[in-house]
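Based on the hints, put chain B in the right spot on chain A.
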Amino acid sequence: MRNGPGNSGLIMDEPLLWEKGKKGRNGMSISASDVPEAPIADELCGEGPDFPDLSEVEVVRHYTRLSQWNFGVDTGMYPLGSCTMKYNPKINEKHAAAEVFTAAHPMLDDEYCQGTLRIIYELQNYLAEITGLDAVSVQPAAGAHGEMAGMLIFEAYHQSKGGKKRTKILMPDTAHGTNPASAALCGYKPVPIKTGTRGILKVDEIRELMDEETAGIMITNPNTLGLFEENIREIADIVHGKGGLVYGDGANMNAIMGIVDLKRCGVDVLHLNLHKTFSTPHGGGGPGAGPVCVVKELEKFLPTPRVEFDGSVYRTEGDRPDSIGRMHGFHGNYGVLIRAFSYILTMGAEYLKKASQYAVLNASYVKVKLKDYLHLPFDRPCMHEAVFSDKKQQEHKVSTLDMAKRLMDCGYHPPTIYFPLVVSGAIMIEPTETESLEELDVFIDVFRQIAAEAESDPELLHSSPHRFKVKRLDETQAARNPCLRG
Amino acid sequence: MRYLPHTDEDIRNMFDAIGVKDFEELFMTVPKSCRYDKEMALPEPKTEWDLDRYMAEIQSMMKITPDHTVLIGAGRYQHYIPSSIPSVLGRSEFLTAYTPYQPEMAQGTLQGLFEYQTLTARLLGVDVANASMYDGASALAEALLMGLRVARKKNRVAMSAAIHPHFREVVRTYLRPTEFEIIELPFSEDGRTDFSSLADEEDLAAVAVQSPNFFGVVEDMEAAAEAIHQAGALYVGSFSEPMAFGLLKNPGDAGADIVCGEGQSFGMPSSFGGPGLGMFGCKNKYVRNLPGRLVGETTDLDGNRGYVLTLATREQHIRREKATSNICSNQGICTITAAMYMASLGGTGFRKLARLNYDKSEYLKRGLQDAGGDLCFSSPTYNEFVIEFKDDFGPVQKRLMEQKIVAGLSLAKYYPGFDNRYLFCVTETASKEVLDTVISEVKK
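Protein sequences, first through last, are from chains A and B.
According to our numbering, the first sequence holds residues 1 to 486 in order.
According to our numbering, the second sequence holds residues 1 to 444 in order.
Bear in mind the hints are in silico, worked out from the structure with no lab data behind them.
Since the model is a prediction, treat every value here as computed from it, not as a measurement.
Just so you know, nobody snuck in bad clues.
What the simulated footprint calls covered on chain A by chain B, stretch by stretch (three residues with Cβ under 8 Å from a Cβ of chain B suffice, anywhere in the stretch; the number is not a length): (1) 20-28; (2) 257-267; (3) 326-336.
Where is the CB? At the ideal position from N, CA and C, for every residue including glycine.
Isolated chain A (complex conformation):
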C-alpha cells in the first residue's frame, strides 16, 4: 500500500521528468539578452524540443530521490568481480574539479596549457613505471577503447612487418567479452582456447594453435577465474617465436602492482582501467579511462597525440607517421586522468604495492571462509578475486541469481554473476583492498546464512529482493517488447 510520496520509509516515489512540471517554469537562470535580436530565416528554424518545464527545486528533488535508489561504494561493500570497486577518494574529486583544469580548452596552443599537459606527461611516465612497459598513451576513453587501440597496434605492427596478412587471434574462454569484440573490430577472428583443468592456459595448446596466420594472443592476467597465468612467459615466447604479439588485458591489474613486471611476462601491449585499479569513480557506467601501454618497439604505433617534454616545455607531439591515429576527439577523458594522477601521488610505490597485497589477501580470506558453503570449481591459490558457483544450491533449486538478489536485501551489492562463462552459475567475488576485516567477516556470515536459507527457505531467495523500491524486474519482457523512451 502506497501512501503519499513515500514508497517505504525514506524511499520516495518519483515519476518520470515529463510527468512533472508545468509550462512556463524554469530550473536555471538565463540572463536577459544584452544584444539586439538577429534575423533568422524561418526555414532554418525548428520547433524546439518537447521537454517539460520544471523549477530548480523540482529538478533537484527528482535527482536526489533517484540517487537514493542507487547503491555505490560509499553505501557499502561492492564485491563486483573484475570491476575493482575500491573506495574512490574524495581528494581526487577536488583536484579534478579545479576550475583552472575544467576551464582548459583543448584546441589552444601548448603554451597556454602547460599545466594540463604536464599532468598527462607525468601520468604517462607513472603508468609505464607501474606496468614495467616503456610507453603510454592516455587517450582511450575506457577499457574496451584501450583494447581497440591495442588491436589497432597489433594490426599496424604486422602490416609494417609485411608478409602474409594475419587473420586470427588466440582468445582464452576466460576473456572479457570486450576482448573478442575489440579484436573483431580490427578484422581478427578469435580462436577460442579452452581453460585447462587447473583454470589456467596450457602451454601445449598454445604451441599447437599459434601459427604464422595468427596475430597473437589476448591474455587477462590474473585471469577472470582470479588465477595467475603461471605459464605466461613460456606462452609469450611461443607467440613471439611465430612472429605474434601478446596483449595483456589489465582489468585485473589491482592484483599485481609492484609485484608483477608485465614486460618480464612477455606482454607487448596492455591497457589499464583507471576506473578500476586507479580508484576513479565509475559513475554508474562511466566515464572511464583505458590508457594503452606498450614496449619500446611498438611506441611509434601509439595513438596520437601524446605529450612530450624537453626539460622546459611540454608539447603535444607533432606527426608520427606510423601512429594508428587519433582515438578520441581530444585527450581522452581528461577529468578521469587527473583523478588517477592524484591517486598515484597519494599512494606512491609503497601503498600501491600494499593495495595489491591486501586485495589478494582479502580475496583469499573470503575464498577460504566460504569454500565450505559454496562450490569452488578451482581450489587453487587465488589472486584478487575468487570464483564460486551455485552447484551446491542448485540441489535446492536455488540459483546464483537468487542468492545475488538475497544479498541485496542484506545490504551488499552482489558479486559479478554468470561470468566467467567457463563456470556454470559463476559467482565472482572481488572484495578489493579497501574493505576491512570486520566488513569481510560480516559479508562472509551473511553469505553463509544465505547458503543455509537456500536449504531451509528457497522461496525467500526466489522472491528476493524485498527491500527496494521495486521487486525483481522482468528483463525478458523488457527485451521482448522494447520500450526505450517515453
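Coordinates of chain B only, in the frame set by chain A:
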C-alpha cells in the same frame, strides 16, 4: 594509509586463516621470472596537504584561467553550468556505482538513463537514443560502422570535409584495419557540403554530414537527406553543438537515419576535452544494429514500473565477437548530467538559451565584418563562424589575451589555404562588453 584499513594484527590473523605465513607465500603462483624485481620509481606518497601544494603549482602553469572568456568552440563550448548540477550529481550514490547490472539496486541510474534517452531522442528527432558513446568523434566512427552493418554488402562511406577535423581523424583510425573505403565530400564557397559528386558514387553505405558544421555553417539538411537517399545511402547526421537544436531544425526531422554528436554543451565543462559524451540515436528500424547500451522500461513482480538494461544481445558480453560494438563502459554520469541540464532548461528555456547564443554570435559576426574582417562563408551560421583578416591577426589576439579574451582559432593547420582565417565562437557566457572589446581591437 587512510584508504587501507588493515592493521598488522588483521594481516596476521588473515594469514593464519588462509594458511600462509607471509605475502611471499600468498603470491606463490607468480613465478620469479615474472616478478617486479625492484621498487617502482614513483614519488613518495603525498599527504592531502602536500598534494594540494603540488597541484597548485601545476595549476599556476596555466596561462588561461577561469576568468578568461574563450571565444573558441570547435567541439568544446563554454556554457554556463548551474550550481544545482555538480551539487546533486556529485552525490556518491550516482558517482560511486558501477554499470547497473543489478537493476533493483540501481534504479536511480537506470531511470536517469531512460530519461536521458527520451530527452535526447526528442531533441534530435529520432525514435531511439542509446545511453551514450565516448564522445562525438568516436560516435561518428561508430555511426559509419553501423551504416556499413545495415547496408551489409556495401564497402564505402563518405564524410563531409566540413566535419570537425578531429572527428574525421578518429573515423580513419576506426576504419583503418578494415577493407572499407572513405571518401571525402568537398564544401562549396558558401561553406556548405557539396553533394554534387554523390550521384556518380556507387556502393555507398552511409554519408556523414555535420550541422552546424566545423565552420558553424548550418547545412541544408533536407537537401542533404535527399541527395544521400538518392545515392542509396544512409544519412548520418553529426553535430558538435546540440544547443543549436533549440532553435534550428534537428537532423532527425530533416531525414537523418542515424544521428551522433558531442553532448559536452549540456552541463559539462570543457575539461581539456573530456569527459563529455557521444549522443547517438537512430530510426526504430535500425535499432538491432545500434551500438552501445540501452535502458528499457519493464515491470517488477508486483507489476510496478521499473527500468533495466535491455536488448543486450547486441552487446559484447553476449555476442562477443559478433557484437554491434565493443563499447562497454560509456560516459555514465555525463549522460545523467546532460539529462539534468536539459531538464533544468526545459522546453521553454532551451529555446530561449539557444536563441540567446544565436543573437550573441550574430552580434560579433556583424561587428567583425564592420571592423574590416571578411566573412568567409555566406551561408547562415550558428554560434561559430569563420572570419578572414587582411592583416596579421596575431597582434590583435595578443592584445585581447592581455585583456583575458581568447579570440578565434587559427584554421591554418586544419585546411590548406586558410592562412588568415579564424573560427570564432560565441555563447551566452560572452558579455556584450567583451564582444565590443574584440570588435574595437580589430578596428585599431
